[in-house]
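Trainee: Residue 9 is where the sequence shown starts when you use the numbering used here, and the numbers rise one by one after that.
It cannot be assumed that every hint is accurate.
[Said to hold, decoys possible] Lysine to any residue pairs mimicking SDA-like chemistry, simulated, CA-CA at most 20 Å apart: (1) K235 to R217; (2) K10 to S133; (3) K32 to G181; (4) K253 to G281; (5) K69 to K235; (6) K28 to Q175; (7) K299 to H276; (8) K301 to N289; (9) K39 to R132; (10) K74 to I45; (11) K253 to Y237; (12) K308 to K292; (13) K32 to H88; (14) K74 to A91; (15) K292 to D302; (16) K39 to T206; (17) K299 to R279; (18) K28 to H48; (19) K299 to N289; (20) K28 to I45; (21) K235 to G245; (22) K74 to C58; (23) K74 to P54; (24) K212 to T37; (25) K292 to H276; (26) K235 to K212; (27) K28 to G215; (28) K74 to D87; (29) K235 to G215; (30) K69 to R279.
None of these hints come from the bench; they were simulated from the model.
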Amino acid sequence: MKLLGISCGRDMGNSEILLKHALKAAEETGKAEVELIRLHDYNILPCDGCELCTILRVQGKPLRCKHSPTDDDFFQLMDHVKASDGLIIAAPAYHLLPPGILTVMLNRVHCAGFYNGTKINEERSRVCASIAVGGTDWTNLTLPVINLTCTELCGSKMNLVDQMLAQDAPAIGSIAAYPEALERAALLGRRVAEAMGTPNAEVKYVGDRQEVCPICHNSLLELRGDKLYCPICNLSGTASTENGKVSVHWEQGVEMSRFSPYGAHEHHTRREGTRARIAANQEKITELRAKWKDYLTPVKPVHE
Numbered sequence: 009m010k011l012l013g014i015s016c017g018r019d020m021g022n023s024e025i026l027l028k029h030a031l032k033a034a035e036e037t038g039k040a041e042v043e044l045i046r047l048h049d050y051n052i053l054p055c056d057g058c059e060l061c062t063i064l065r066v067q068g069k070p071l072r073c074k075h076s077p078t079d080d081d082f083f084q085l086m087d088h089v090k091a092s093d094g095l096i097i098a099a100p101a102y103h104l105l106p107p108g109i110l111t112v113m114l115n116r117v118h119c120a121g122f123y124n125g126t127k128i129n130e131e132r133s134r135v136c137a138s139i140a141v142g143g144t145d146w147t148n149l150t151l152p153v154i155n156l157t158c159t160e161l162c163g164s165k166m167n168l169v170d171q172m173l174a175q176d177a178p179a180i181g182s183i184a185a186y187p188e189a190l191e192r193a194a195l196l197g198r199r200v201a202e203a204m205g206t207p208n209a210e211v212k213y214v215g216d217r218q219e220v221c222p223i224c225h226n227s228l229l230e231l232r233g234d235k236l237y238c239p240i241c242n243l244s245g246t247a248s249t250e251n252g253k254v255s256v257h258w259e260q261g262v263e264m265s266r267f268s269p270y271g272a273h274e275h276h277t278r279r280e281g282t283r284a285r286i287a288a289n290q291e292k293i294t295e296l297r298a299k300w301k302d303y304l305t306p307v308k309p310v311h312e
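Let's have the full structure, built from the sequences with the hints guiding it.
Mentor: If you want it as structure tokens, here you go:
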């Protein structure tokens, strides 16, 4: 079985070193054929919100992206993803978030998951894990975004097996000062290798980071009115403290999450409702766009 590692940081930077430790440990289990990709080697054009994929979906036609497979390297990258049984994404923290190239890729995945009429997942089991590295403790959103990307590349199956965060390693190679992080990365690699081939419904999360959501395993909460929500899975709950430990009582389970058939149905139902409102106000929309079209000329870069 194939395990794909995607490095989103500097060449031989800390995140790549940890990723290589994970891949090597996975390979040594004898259960994984490993492959490494540096995301910065791939030219990925950003999604520009043209909505072609959405329009085709509404029309019941095969989905495709406005960017063809020859426009950039994105579809080649997706071919590697589709061929994998396991996935590890490693990235540094750039001002609380992973590098922008990761979210550029993620923005394209929504449509690309259906390119050539074939879902990335194909209902096939694929497991994933994440590695994040920060120069300080300013890493708050890094792991959740990497985890979301990982699971989206699994076809929205929440098959996260493990996650790890190493901090206080800002300089290239400085992760060498933290042998425990190197050992933790190797453990992560072995865990992914052991999980590959497990049916989707049987994949277990074995990570040891503190979490609040048992579905996406993130530690973030969003306050809406008097309820707390997982900002990724969209489940609601209430918090309590016992023996100095905060816990959340969730009111729904995975069957009501964003990534369940129920969640997908609710998402598309809401979109259809907004489209009906837009259609009823098309004249106003046309007038509004015409009114503001010539206000301010965008400043463009000067090339000598």
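Trainee: Hints the structure violates: just list their numbers, smallest first.
Mentor: 1, 4, 5, 7, 10, 12, 14, 17, 25, 26, 29
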